[in-house]
Structures are given as C-alpha cells and as structure tokens.
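Peer 1: Two chains, each in its own frame: build the complex with the hints.
Quick note, the sequences are listed as chains A and B, same order. By this note's numbering, the letter at position 50 of the first sequence is numbered 758, and the numbering carries on one by one without gaps. By this note's numbering, the letter at position 83 of the second sequence is numbered 352, and the numbering carries on one by one without gaps.
Hint data in this document are derived by calculation from the structure and do not stem from the laboratory. Each hint should be verified, as a subset may be incorrect.
[What the hints assert, rightly or not] Just some of the chain A residues that point at chain B, by a computed CB distance under 8 Å:
id, residue
1, 720
2, 845
3, 889
We put the beta carbon where it would ideally sit given N, CA and C, even for glycine.
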Amino acid sequence: MREKLYLPELIKGLAVTTRHFLANLFRGRDTNPEILDRKGGNLMSTVSYPEEKKPYAVGYRGLHRLVPREDGRPRCVACYMCATACPAQCIYIEAGEYPTAPDGADAASAVIEKYPVKFIIDELRCVVCGLCVEACPKDAIRMDTGTHAPPAYERPGFLWGIDRLLTGPAVAHPSDPWLKRPDSAQPAHGHKEAHMRIAHAPTPVEITRFDKKD
Amino acid sequence: MADAPKPTSVKLTVDGKPVEVKPGTNLIEAAKQAGAQIPYYCYHPRLTIAANCRMCLVEVSNAPKLVPGCQTPVAENLAVQTRSARVKDAQRAVLEFLLLNHPVDCSICDQAGECKLEDYYMMYDFKPSRLEGGKVLKNKRKVLGPLVVIDQERCILCTRCVRFMEEVAQDRQLGVFGRGSHEVVDIFPNKPLDSNYAGNTVDICPVGALLSRDFRFKARSWFLSATPSVCTGCSRGCNTYADWFNGVTYRYRPRENEAVNKSWMCDQGRLSYKSLNADRVEDARLGKKAEGKTAVFEQAVASAAEKLKVGAANLGFLASPVASVEDLLAGFALAKQLGLKTVFVGGRADGASDKILMQADKNPNRTGLTQIAKANGFEVKPFSALVDDINGGKVRSVYAVGGEVPVGARDAGVVFSKLELFVASATNHSELTDEAHVLLPAATHVEDHGTFVNFEGRAQRFVKCYPAPGNAKPHWQWASAISRTLGGEAAFKTAAEVFAALSTIVPELKDFDWQKAQPRATARKGSLHPLSAGGDGRPAGYREWMEAR
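Extracted from the complex, chain B is given alone in its bound form (with noise of 0.2 Å):
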C-alpha cells in the first residue's frame, strides 16, 4: 500500500483563532503566527529543545494535561489555549518557582531593563514572594574566561548557554554541576569559557546571569539605542546591533540573518567595536604630525586639491577594504581623474579563521573593492608592490582612503616617510598617518550610510548611528569635494548619491536597492520604550538623533 502524500500544512486554532503552519512547528511559533504571544525562557529557535523552564505550558484541546509549547509540534484540528485560567495559574506558579531564589539584584545587574525575568514577572505574575527564611546563596560573580562572569544565584538553569557551547560554538565549556537547590551552571575546573562565540551566551542568557565582562556597569541599557549595522571584524559581515548612546558605541549584538550569520557572532568582531571611539581623528592636519597644524573642511580640500595635481605625475592611490563601496566609488572615480590605471590595495592583515563564521580576511569590504575595481578598469595591486615603488623612487606621492595597511603601522610609517607627499584619510590615528601631510578625518560605518560587499558577494546595507566626532567626514565626501576643486563631474552630495552612480558602473551591484536594503530594527529591545531624552544629565534630545532623510 503506497504512503499517503505527508500534508503540506495543517490547520489549528490558537485562543480561537484559526492559523495555518507546515508540519512539525511547534506551539510556541505556531502562536507568533496566530499573533499571540506565549513566554518562555529556555526555548531558543536556533538551539535544540530542553523544555526544562516550564513557562511556554499551554492548554492543548489533545492533551489532558498543560504541555510545554515549545517541545509540542502542531496536530490537525488542534486548540490552543495561551490565556486560559489553567494557563495562567501555571505561568504564575512558575515564575513564582524561578524567582523563589532570585536575588532582587536589578539595581546592580546589567540585565535590568532587558530582562525576561522582570517582563515576564510584570506581564503574567505581579505577586509579591511567599518565600521565608533566607534565599539559597551561590557564587555572585565567578570570572568564567576572558569575556563572561557569571552570577549562579540569578541563574534560572534554563541551560541556553551550556547547549549554546555545545552545539553552535561546538566547544563543551559549560556544564550544569549539582542537584536541586544546589544546581548550578559552571565551567570546568581549570578550563576556562575563552571559546571565541563566549559572547553570544551573554546574548542568549534571558536573565543576568551570564554577563560581558567588557560591557559590564560601562551603560544602562535603557541609555542605548540599538542601531541595525555590519560587524566589521572580517569579510563575513556578520549582521549586529551597534548599541549606541551619546556618539559612543559601547557595544555590538549580532542581529538575525539566516543566510549570514544566524543569531551569532564571534567574540573577535565583537570586541571590534572599541575602534570606533579609540583615538580617531576629529580634525583636518596640514603638515606632518610634528609640523601640522588644524585646518577647516574647505582649507584642508583646497590644500589636497593643490599638492594632488602637483604631485599627480608619479600618484600611487591606496584604497582601504574596510571603506565601504560609496567610499571606494567616489575615491576610485577620483584617481581615475587624475590619469591613474592602478590601484593598491592596503587593509587588515589575514587572521585566523574557523569553520564556524569567522574568516581569515579580516577586511569588510575586499569583494566590494574588487567589483569597483574592476568595473573601472583598474588593475589591482598588493600593498608589498606600493612599498617596492615607493623604495624603488617610482611612486613619490600617495593618496589612501582610509589607512589601514596590512604591516605594522610603524613600518609602513618608516617607508611612506620617504614620500613627497602623502594624502591620507584616516579614521584612526597611527604611525603612519603621523607622516601624512595632508591628513583627513574619516567617518566610520557607524557615522554614516553605506554598504559592504561580503566575501560570498553579498551586499549589506548600514545605516549612520550619529554624526562623526569632530569635524571627520566619510571619505567619500573628502574625495568628492578634492574631485569637484579638480573640476570633475563626480560631485556626490549623499551617499545615496553615490550608490546610484555606482549602481550604473558597477554589474554585480546594478541589482541592488540601495534605498530597500536599509536594516530597520526589527525588535523592540527589552519592553521598555526608549527614552525621548537622555537620563544622566547630558543635553537632552541628543541620544535618540537621526539624520532626517
């Protein structure tokens, strides 16, 4: 007898309402879908099941009694109920269960504010503790590895971090040691959590147990606002959350993509971060380090502009893949003006990589800078090929769009000291933009729109956090406005502007809506709405700026 053909969906209703899902959803998304909500904790769609948290029971029309709605796959013709008495009386039970021991530690976590445990206690509980006598007292803050410190008393065992290690990071550096009241989670004695996905148990961790030592007691989360960006760690462009307040990012969270990088990201581009705010150039500096002196945005264009056509003969132009495409464009179409066929490629050096996200090229934006390139009719060369010219006396004066370079800082500064004229524009500073002459203030990817092209060719739009600190602008608008006292046609004034003549040069890209692509932030962070202005006494209106567009 031939199988019956497996049905393609089946239909259930949820608190009466009829909703259809392919076979084998669980309960838990089945109701997302109906458009009603059942908490949970432990349950994470990109982990396997525990169902040990018990806060997803649900009432179900085939089941005598409440099953755990994360661990039960849709039926035909099921009922769901979500908001029935029974139902809530178990939530209420449950959480009155996993805050028996809870510290009221809120003042002091770092969790506060986007905590589960304080949502779900004020959606479905609000009952002050029946508890006498004393709390089971744990280890309140254990140094787990070089990223994460644990606090075993807000531990609610919901085990996310120990399967998180065990499955994704594939690395088991988490346990759960002890019994009952004495249960807690744990690393291994003399085996510290240094995996480099640590961090995302942070992420995963509903309450305040785990937390980031790095980030920790730096902000309140009700402070930050969270904007959709790219890690610019390596080439994989993991997609994140920069969590920003007042023009300083203070930290990264990955934010979901299926095709990139699901729910996660490494400790490495997570840490990437602090470059943002580290030492950056916030004024424009005619003459070198020793000699310099401040310029304003029309002084600094002018005296480029001037020393460039001088020095255009024997040009060698260094573009930098951590730029994005707008920059590389406006940067590209500007050594073409000056009569270049090449062009140099400088950027991060490679790195280690693993079989997991991260990537031996630790530059945003290669695959980009090769598409532009190419379209213009450059020839790409390495940057050992612009030292040996510049050793060699071929190549006497440079321009670079962002200055990072593959050797040390200090040695590419010993060698690019023996040129006549250095133009650079540079988010950073380091010994090597110490030797330029005409020295640029850059915007990073957090100050302004733009887009990086991935190793696998993926265009990915980021979007401007808060304006660039100083008087730094992104290289684009440097190059453009050198371009336009040139007198060229390349004029852009946004870089929407940009992209749509990079959309017409370059083939891979034409596809692309730039406008379309732009990230919005999908989740509200934590149940608390952001505040219309700041908290700790900095000018109000400022936190929650945005470029009008």
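Bound conformation, chain A alone (with noise of 0.2 Å):
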C-alpha cells in the first residue's frame, strides 16, 4: 500500500538530485588529485583529465621499455625469456649476432655476440602482467617509466619497435660481461681477473663471510 503512494519517494529522489546540483553548483571545489582528501562542500568526484592527473599508485606497472646499455645499444640478448613468459603472446623478437672481433666488431659487440634485430610489443596485446620483466634474466625489460601506452588512431600504431622501446638511463651491473674482458677472445692473462692479478692494484672485493654469530 506505501509503495504505491509513490509520490513522496519520489520527492526524495528529486530533494537529493537537487541538493547534489546546488552544492556542486555554489559551493568551492578542490582540486587535491587524492579524491579522498578533498575538503569542501563540492561533492563533484570526477577528475578532469588531462587538467587534472591522478599520481598512479606505489608500484604500478608503466609501459615497457628496454634498457639501454652505456653505448645506447639495448642490454637485451635475444634470449626470448619474455617471449616464452608472456601469457598474451604480444612479444616478437628475431636475434641475430655480433660480428666477431677480426671481422671489424668494436670491442663491446665483440663480448656481446648476440643482440635483437628486432624487438616488437604489440601494446594492444600487452596484459601489463609483468611476466616479461620477471623473467628477463639481463635486466634489459623494465616497466618503469610510469606511463602508458599513448593512443593511436591505426592498429599498427601500437607495435613498439627498439626505436620506440629503446628510451630511459642505461644500467650497468657489476656481472656485465664487457666490464671483464675486451673481446671475445681468450685474454694474455689466461685464467686470471683484473682484480685477481698481482701486477694491478689491488680492486676491493666484497667478499662475505660465513662465520658463526655469537
């Protein structure tokens, strides 16, 4: 019997719509991006992009870039361990190789030997899952730059190619073949590291110990 009385029900939706529209209308609005600390009587929630911008929370996957080595080369080897990981198959990779150092290589490429030809994601397929970041074992794929994957009108658009990818500080790692050795070849010294050698000054070597705590 109240239910079909409907009218004051629907005076207080309308009392509610109309109390919503003022306050948003009259009332100052904050502009804090975190949508829970805003203060104010402007009840609008709706973030204005792109005036406003919301900061991505703590750990949030960016778009994919490959690390570039000191001499702006990729650090990637053409392993395929991000192809082989990625669940949404959007990886394509074609390695090839290095000439050798008699062959008229720089020293760097000459360590190397192995390097992508072609790197592409196909951002459309990406599941921004991280998998491929897991499992890179050069620490050459990053999702690090806090960005996503701009638009683009033609599907083509979205298959990032090294040109695109390749962006970003390089990173060096102390496990860097090219930091131990100059080429390829077998090195003067035969079996011994800089660091290991009596005629060089001696390197400091962090070298952990075992021993029982007290």
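Peer 2: Listed below in structure tokens is the structure:
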C-alpha cells in the first residue's frame, strides 16, 4: 500500500538530486587529485583529465622500455625469455649475432655476441602482467616509465619496435661481461681477472664471510 | 681342464631392484634396464669410454670407493646404489666442480633448453656457487670450421667430440690442449674442423660448447617440435628428427637406428633441410612463367587432364627418385592409364661418397622407384634418353613427378622449352619449372606421410610435420586427381590408401606394415615439455599441429 503512494519517494529522490546539483554549483571545489583527501563542500568526484591527473599507485607497471647499455645499444641478448613467459604472446623477437672481433666489430659487441635485430611489443595485446620483466635475466626490459601507451588511430601504431622502446637511463651491473674483458678471445692473462692479478693495484672485492654468529 | 661355460647373463641389483643383463654391460646401461638413472656427460654408447667427467659415480658392493658407472662392468650378485647419501654427495661435488668456471650464459647459449648441465644442476645440485673471485676466461667464440664454433668457457672437457672425430669420423681434427684450468678443446693450427661429419660433434656435446654456425641464434630449442623423419640427402636415408616451428624446418638431427646410421649423419645431409624452405612452389600456375597465371586446385587438375588427353600420343613420363613411393605409385598409375610403357628417371646427379655413411647416389628413393616400375611392367630409361627423344621429336609432351634433374636446371630448361606440353608437379622453383605449361605445387617429405626405400632395400616411413605452404599438395594427390578426371580407377584419398594399393602390387613391399612402421619420437628433447602454445607472438595453438589420424 505504502509503495503504491510513490509520490513521497519521488520527491525524496528529487531532493537528493537537487541538493547535489546546488552543492556542486555554488560551493567551492577542491582540485586535490587524491579524491579521498578532498575538502570543501563540492561533491564532484570526477577527475578533469588531462587538467587534473591522478598519480599512479605505488608499484604501478608503466609502459615497457628496453634498457640501454652505456653505449646506447639495448642490454637485451634476444634470449626469448620474455616472449616465452608472455601469456598474451605480444612479444616478437628476431635474434642476430654481432660480428667477431677480426671481422671489424668493436670490443663491446665482440663480447656480447647476440642482440635483437627486431624486438616488437604489440601494446594492444599486452596484458601488463609484468612477467616479461620477471623473466628477463639481463634486466633489459623494465616497466618503470610511469606512463601508459599513448593513443593511436591505427593498430600498427601500437606495435612498438626497438626505436620506440629503447628509452630512459642506461643501467650497468657488475656482472656485465664487457666489464670483464675486452673481447671474446682468450685474454693474455689466461685465467685471472684484473683484481686477481698481482701486477695490478688490488681492487677492493667484497667477500661474504660465513662466520658463526655469537 | 675344460673351461667353464661362459655365463649368458649376470644377475645384480640396482637400488635393491633385481635385474638380469648380458655380461660386460656397464652399470649405466644396467641401471637403465632396472629403471634407475645414472647421470653422465662423457659417456656415449657408441664411443669409447673415457670416464673423465665423474658424474656417473655410484656405490657398488665390491669396491670400497665410488666407481664410475660408465667404465665398470657388471658382476654377479653386485649391489649398485645410485641414490645413496655418498653418491648424492659425490654428484653434488662433481657438479659444483664442473660449474665452477662455467659461465652462466644460458640466455645467449644456443644449447639452453637441451643442456645437460642445466638439467643435472636442477636434478642433483641446486646449490649456489662458492667461487670467490673471477672465473677462468677462455675463448668465447672461436670458429673451428665451416659448421662449428666453440665456446671454450662452456666446455667441460668431456672429450666426446675428440673421441668422435677419431673413432667415427676417422679424422683427428680436434684435440685437448693445455693443462688444468687452462685445458681447452681446440683444432690444430691452420687445420680447420672441416670433416663432413663435424656436425655430429655439436649433437653429442652435452653442454653448449660446440654449436652449429648454421643453426646458431635462429630459434630457441623450446619452441621447436621434433618429428621423426628421413634425410633425403642421399640413398642411405639416415634417420633424422626434423626440428620445426610454425611451418619452417630449422634443422635436422640424427635419430638413432642401429641398422642404418647408428647415431650419426653427414653435414651434407644435415644442411639439406634448406631446400624445404627455399623458393617453394606455392600455387598452381597455368602457362609458362612469363605469361602464367595462378589457378586453384580444380582448375589446375582440369587443365592438366585436358591437355594430357590431347598430348598422350607422344607423352614422356619423368619420375624423380626424390619423391616417395606413394607419389611414384600414383604417378605410375596415371602413366599406365595414359598407355605408357616407358618411364624416364630424373633425380639429382651423383656426387661424392665415403666409407662411413654417404652414398654416391644423391636420391633417397631410387630403389623404390625401380621396384614400382618393375612391378608395373615399365621399361626404365635414364634422363639422357628423354633429352634425346625430345631433341629428336619423339617426345613432344612430358608429365613430371618432381622437378629434380641430373643435369643443370638451366640446361634442362632449354631442352624442355621445345615441348608442346609440359606438366610438372614440383616442390621448388627452378629454370626447369619456369618452362612448365601447367605447374602443380608439390609437398616435400616433411609435409606429408610417406615411405622411402633406401639403397639396401629398407623401406623407411616418415611422418608429417606441418601442412604444406600455400596450395601445395603431395605428388600422389595431384596424380590421382588427374587420373580421376580422366576416368581412372586409382583415386586415392590418403597416403595410407596409396600404400595399401602399393603393397599388393610391389612384391618387395608386401610385408611392410605401413601403420606399424610409423616412427615415433622416443626420447623427449631435453627436460622441457613442449609448450602448449607458441611464445613469440605468433598464432597460439599452431605449433603442435599434427594431422589427426
């Protein structure tokens, strides 16, 4: 019976709408992008993108990048680990071999030997799971750009190759092979690295000792 | 005093399990028969025993110390322990030693995915390295010869390759040089590793030290599917695995067959996979290359049948011994239907031979061709006779099964350009197929089921790896479709059906069980299961494609 008298409920609903409308129209608006931290009477919670931007959550996986070495070439050695791990199968790689030193290669490439001729990520197929980053043994692919794929009008616009993926600061690691030797041939010192040789000034080496704790 | 009769079998226990083996069997093989696994690197059943990797150390009841299983023959009532605490300890210690200076190159190394160091590390060791300081640095990529490159850092000095070159290839091109941690496998100065059997050293290398320059960095092993196949390089018909992915064959590897090729194959045959990918005929063509246009299956068959009916009076039938017996049977059935009494044999020209595997006849199926021709009552003539007949005007039209000819394709093309009609089913484009009035795209042996008969008369089955490119169909399918259009009775639908007909006609193949002879992959490649889908952005579910039978 009570439900049949729908008129009071209708007025109640209209009152809510009117209250929100008037509040948003006349009361001041806080533009703090953290919506939960907003003060002020304005109830509007929409973010006016792109004037207002919400910062991404900590741990947000941004768009991929291929990490360069110091000389600007990718750290990637075309091992296909990322392509193998990728559940969306959006990574396509073609491997190539740098020429050996006598063929006129520079020293760095003579140590690296394998590199990606093609490295293509289809950003439309990518599910942003980050497994490629986990799988990479060379820290050559990262998702630390903090951006997402920019829009494009055609599908080919989302096929990112080395030229677009290779951005950001270079990364070095003590285990990088080009830090150990000048090229792929057997070094003159036979089997001792620089810090092991007496003729050289000793390089401090951090040694982990497995002493018993007291 | 008369000698006691030699025992015919020896009883022993492996991990408590009784097993009976032939005397003289070593412990690795005995353990295999008992279902136990003894890991090893340097041991190879077809090479001499070196016992230098020490991975196969096991505990036996008649020796105080651990003994290498590869080198120790079985003894009566011997108790062998392959998983005792002492053995496990030794295995871990050996692996730690072998991995001490081994670079962790797995991401670059081509052997990743089928490397025994990887496998055994996960199975028996699983401990971090305790090495302080640097590893020994050696040559990372030294080119040993036309097909082989070595990474001496990855080498564990098992000397399988050195023993292979000496014992099987009978060409001492490899040696071990240096002492201790300076020891390397290398070639002699200015003497490259150019033996025709050098590729086998890549197969038997248990780690990624010796790698094929041809296959290197082309594909990762875990994407490849291995299908049992037969090499078409010569009339030996070495048993192989065709490793393929997504409609492309990447390499051949020898498949064990005691009677034919043991565990080996020659480099010439190993590289013959390239013709499977190069310049394939993918669509039927009506008209010569210059003015030809593409046609679908029905059009091409109708056109070929119509033209053959007209030109049957002075027709020559050219059969290639590179085609399988199924292809040749269907082709010969068509030739019989057209009223022919003679067949001409094409195929590749003879080449070099050696005393190990390679035969001078470079065609895999000449014996099969001869058998079928004889059973059908055909007179077999060489290719030169066909050339004479064309030049003399006796033959004015030709139907060819297979585009291989013993003279150069260019020379043959000049002769064949005089023909009024040339119908050819061929796998690869050449100057000869350019002259065909009707060109039918044919499937290679990895794209269909079939049989080759090798020079010893041994019929060997091969199975389909992947579908043929474009609109290519097996030779027998083209021939039987044309035969059907002309009103023939031999209308085969499957290769098995063709063989069923074949075994009733050819006496040599009467006892050959086509279904039973189908080879199956016996060993899993490496320790990885094949993925259920491709991983490099190509269509999912495509790579494990296999015709449902």
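Peer 1: Decide, hint by hint, whether the structure agrees.
Peer 2: Here is how each hint holds up against the structure:
1. 720: At about 54 Å, which exceeds the 8 Å cut-off, the nearest Cβ of chain B leaves the hint on residue 720 of chain A violated.
2. 845: holds (5 Å)
3. 889: holds (6 Å)
Consistency with the previously given hints fails for number 1 only.
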